[in-house]
Amino acid sequence: MSVLIRDAVIVSQDEKRRIFKGSIYIEDGIIKEISEKGLAIEADFKISGNGKVVLPGLINTHTHIPMTLFRGYGDDMALEDWL
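At position 64 of the sequence shown the residue is numbered 64 (this note's numbering), and the sequence of numbers has no breaks.
I should point out that these hints are in silico values taken from the structure, not numbers from a laboratory.
Backbone N, C-alpha and C define an ideal beta-carbon position, used for all residues, glycine too.
Misleading hints may appear alongside valid ones.
In silico DSBU-like cross-links for lysine-lysine, where the CA-CA straight-line distance does not exceed 30 Å [said to hold, decoys possible]:
#1 K32 / K46
#2 K52 / K32
#3 K32 / K16
#4 K37 / K21
#5 K52 / K16
#6 K32 / K21
#7 K16 / K37
#8 K16 / K46
#9 K21 / K46
#10 K21 / K52
#11 K37 / K52
Here are the simulated distance ranges between beta carbons [claimed, not checked]:
#12 V54 / A78: 56 to 62 Å
#13 K52 / M1: 18 to 24 Å
#14 A40 / H64: 44 to 50 Å
Based on the provided sequences and hints, a complete structural model is requested.
In structure tokens:
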């Protein structure tokens, strides 16, 4: 399956942190091309990005691993004291 998103404002994560109007071509879930020029590519689905912003996917690194690791360690303590 392929998707073409055209005429969207793209917030890039390249070395210059550019923000530009352009198109994104996705094939089988993988971004194949990002261009400031119009892409003359046929796609199964075409999405108008006009008036929309495309942001990179971000990863939430906020975790509670210490709380999981020490679960039960302070059962006799009030939560505020344990934290």
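Checked hints:
Restraint check for K32 and K46: the C-alpha separation of about 15 Å stays at or below 30 Å, so the hint holds. Taking the CA atoms of K52 and K32, the gap is near 20 Å; set against the 30 Å cutoff, the hint holds. Restraint check for K32 and K16: the C-alpha separation of about 20 Å stays at or below 30 Å, so the hint holds. Of the supplied pair hints, the one linking K37 and K21 holds, its CA atoms being roughly 9 Å apart against a limit of 30 Å.
As the CA atoms of K52 and K16 are separated by approximately 21 Å, the hinted pair is consistent with the 30 Å bound. Our distance criterion of 30 Å between C-alpha atoms is met by K32 and K21, whose separation comes to about 17 Å. A threshold of 30 Å between alpha carbons decides the hint, and for K16 with K37 the separation of about 18 Å falls inside it, so the pair holds. Of the supplied pair hints, the one linking K16 and K46 holds, its CA atoms being roughly 28 Å apart against a limit of 30 Å.
Taking the CA atoms of K21 and K46, the gap is near 16 Å; set against the 30 Å cutoff, the hint holds. Distance hint between K21 and K52 is fulfilled; the C-alpha atoms sit about 10 Å from each other, no more than 30 Å. As the CA atoms of K37 and K52 are separated by approximately 17 Å, the hinted pair is consistent with the 30 Å bound. Here the CB-CB span from V54 to A78 is close to 46 Å, at odds with the stated 56 to 62 Å.
Taken as a hint, the range 18 to 24 Å holds for the pair K52 and M1, whose Cβ atoms sit roughly 20 Å apart. Separated by about 48 Å at the C-beta atoms, A40 and H64 satisfy the suggested range of 44 to 50 Å.
Of the numbered hints listed earlier, the single one contradicted by the structure is hint 12.
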